[in-house]
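S.K.: These are the residues of each chain, in order.
2 protein chains.
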Amino acid sequence: MRETDFIGGFAKGLKVIEAFDEAKPRLTISDVSKETGLDRATARRCLLTLAELGYAAYDGKFFQLTPKILRLGHAYLSATPLPRLVQPYLDQLSDKVGQSASASVLDGTEIVYVARAAQKRVMSINLMPGSRLPAYCASMGRVLLAALPEAEARAILEASDRRANTPFTKTDPDVLMEEFARVRRQGFAVIDQELEIGLCSIALPLENARGRVVAALNIGAPAAHAAAGEMVERYLPAMREVQAALRQVLA
Amino acid sequence: MRETDFIGGFAKGLKVIEAFDEAKPRLTISDVSKETGLDRATARRCLLTLAELGYAAYDGKFFQLTPKILRLGHAYLSATPLPRLVQPYLDQLSDKVGQSASASVLDGTEIVYVARAAQKRVMSINLMPGSRLPAYCASMGRVLLAALPEAEARAILEASDRRANTPFTKTDPDVLMEEFARVRRQGFAVIDQELEIGLCSIALPLENARGRVVAALNIGAPAAHAAAGEMVERYLPAMREVQAALRQVLA
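Going down the list, the sequences are from chains A and B. Each step along the first sequence adds one to the number in our numbering, with nothing skipped, and position 79 is 79. Each step along the second sequence adds one to the number in our numbering, with nothing skipped, and position 21 is 21.
Treat the hints with caution; some may be incorrect.
[Stated by the list, open to error] Derived DMTMM-like pairs (lysine to aspartate or glutamate); straight-line CA-CA distance at most 25 Å: (1) B:K96 / B:D5; (2) A:K15 / A:E52; (3) B:K68 / A:E207; (4) B:K68 / A:D21; (5) A:K12 / B:E230; (6) A:K12 / B:D5; (7) A:K96 / A:D5; (8) A:K96 / B:D95; (9) A:K96 / B:D91; (10) B:K34 / B:E52; (11) B:K61 / B:D39; (12) B:K15 / B:E52; (13) B:K15 / B:D39; (14) B:K61 / B:D21; (15) B:K34 / A:E179; (16) B:K96 / B:D192; (17) B:K68 / A:E150; (18) B:K68 / A:D107; (19) A:K96 / A:E207; (20) A:K34 / B:D5; (21) A:K68 / B:D21; (22) B:K61 / A:E3; (23) A:K12 / A:D107; (24) B:K15 / A:E52; (25) A:K68 / B:E207; (26) A:K15 / B:E18; (27) A:K34 / A:E22; (28) B:K96 / A:D91; (29) A:K68 / B:D5; (30) B:K68 / A:D31; (31) B:K68 / A:E3; (32) B:K68 / A:E158; (33) A:K68 / B:E152; (34) A:K68 / A:D31; (35) B:K68 / A:D161; (36) B:K34 / B:D21; (37) A:K68 / B:E3; (38) A:K12 / B:E18; (39) A:K68 / B:D161.
No lab work stands behind these hints, which were simulated from the structure alone. On a predicted model such as this, the values are computed, not experimentally measured, just so you know.
Start from the sequences, fold in the hints, and give me the full structure.
M.R.: What follows is the structure, given as structure tokens:
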């Protein structure tokens, strides 16, 4: 790519959008400058452009994003066949086992939910398409990382902010790499309260017709409903059926 | 706003992202140029910038968005208190009445779902946060349009692509303006299969503590479960309770 093919203003603007999040829903020009590393004048122009286009609201001091910004993420969700193809299988699976079923893909060090069939909420956070979780401590993340070349998986681990969310969270890269090897051997990953106390989950890879892993499928359940040890026996057979059916469907 | 405060490359880039959708998930440079009205060279630079930053994948001919693009929409969903505040009420309401409950806001001529508690799917489309529907023929859209000054509501109607989705869809601006007046008088809107045959819904406005309408709340149900005429009696009381509770919660 030649440098002249790169639109710096566009790249900076996208960075400014990503500066807003749950902890920082309303930002001043200085906040955005600090958050993004862009100089004040550039941050200001990006924010004013967002406001002019209706993607942000400005009260003279604070900027905040408007629902128009959802058009950008929605462009992916509606344009990508994966969520649409997977959703009916998740609905059936979730009904059958009485627990939430989800599909996700990898984006950097995180997994991104692309489809979900929710039963009663068991997690403290509300997951929906677009939601993100750290890959290293999520069952779908383990499956997706296990599908990568080892050097790549390790690089992602090194780049991850590996916190011990609970006393059970595995954070050591070597331990996690061994875990990935096990996931590859057995074909699925089980998480026992590594993300949140009281939550277990099981995940397996979704492959396309050519055998490429294109997403992960999981079932999450309260540890009180199904201890981690019971998840394989209880949920894996139904998940394997979905995996087999989707292998035909995912081109 | 001075012209020098506007970053043209950023604005054009956002337009390029919005060019992708369900009907056009994979686009060439020419496609994007046609879709956006941008010249080929600009479309190309925007697309290459997206690819360079990992927001799009490029196979040498076609571009398609990657899950990284979901960060942009997610910035809104996680940064805005509304979805988080409303979700637990939707969950309770949906469980109580056994139907899907949703909250949405207005964006131009469309409503955008910001939170949803789904029961069994009854619509042909899968709604989730970020999903959009035309406002003129959706119960939440009627409520949100009814809350606007009349001239503004009429301008949005005129700008809307008012199709008769079903034989029951009201498309005439005068008829719709009368409908809005009725919605204001009675405090809720009922839709009888105007969006899709077999689907009825009822919506009411969610106001903040200062009485400003900040979103709409709805329950959608198969016409076979609850005819439009029965929705008021069946669902309105529980919805009124949520409305009252949220008036305190929405600052």
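S.K.: Indicate, hint by hint, whether the structure satisfies it.
M.R.: Hint check:
1. B:K96 / B:D5: violated (51 Å)
2. A:K15 / A:E52: holds (17 Å)
3. B:K68 / A:E207: holds (20 Å)
4. B:K68 / A:D21: Roughly 15 Å between the alpha carbons, so the hint for K68 (chain B) and D21 (chain A) holds.
5. A:K12 / B:E230: Outside the cut-off at roughly 52 Å; violated.
6. A:K12 / B:D5: holds (14 Å)
7. A:K96 / A:D5: violated (51 Å)
8. A:K96 / B:D95: Between K96 (chain A) and D95 (chain B) the Cα gap is close to 19 Å, so the pair holds against 25 Å.
9. A:K96 / B:D91: holds (21 Å)
10. B:K34 / B:E52: Measuring from Cα to Cα gives roughly 22 Å; hence the hint holds.
11. B:K61 / B:D39: holds (17 Å)
12. B:K15 / B:E52: Satisfied, since the Cα-Cα distance of roughly 17 Å is no more than 25 Å.
13. B:K15 / B:D39: holds (13 Å)
14. B:K61 / B:D21: holds (18 Å)
15. B:K34 / A:E179: Violated: K34 (chain B) and E179 (chain A) sit about 49 Å apart, past 25 Å.
16. B:K96 / B:D192: Holds, at about 22 Å.
17. B:K68 / A:E150: At roughly 22 Å apart (the allowed maximum being 25 Å), E150 (chain A) and K68 (chain B) satisfy the hint.
18. B:K68 / A:D107: holds (6 Å)
19. A:K96 / A:E207: holds (22 Å)
20. A:K34 / B:D5: holds (19 Å)
21. A:K68 / B:D21: Cα-Cα ~15 Å, so holds.
22. B:K61 / A:E3: holds (20 Å)
23. A:K12 / A:D107: Measuring from Cα to Cα gives roughly 20 Å; hence the hint holds.
24. B:K15 / A:E52: holds (14 Å)
25. A:K68 / B:E207: holds (20 Å)
26. A:K15 / B:E18: With a Cα-Cα distance of about 17 Å, the restraint between K15 (chain A) and E18 (chain B) holds, given a limit of 25 Å.
27. A:K34 / A:E22: Answer holds: K34 (chain A) to E22 (chain A) is near 17 Å, not above 25 Å.
28. B:K96 / A:D91: Since the Cα atoms of K96 (chain B) and D91 (chain A) sit roughly 21 Å apart, the hinted pair holds (cutoff 25 Å).
29. A:K68 / B:D5: holds (21 Å)
30. B:K68 / A:D31: holds (23 Å)
31. B:K68 / A:E3: Roughly 22 Å between the alpha carbons, so the hint for K68 (chain B) and E3 (chain A) holds.
32. B:K68 / A:E158: holds (20 Å)
33. A:K68 / B:E152: Roughly 18 Å separates the two Cα atoms, so the pair holds.
34. A:K68 / A:D31: holds (22 Å)
35. B:K68 / A:D161: holds (18 Å)
36. B:K34 / B:D21: The hint holds at about 14 Å.
37. A:K68 / B:E3: Measuring from Cα to Cα gives roughly 22 Å; hence the hint holds.
38. A:K12 / B:E18: holds (18 Å)
39. A:K68 / B:D161: holds (18 Å)
The structure does not agree with the numbered hints 1, 5, 7, 15 stated previously, though it agrees with the rest.
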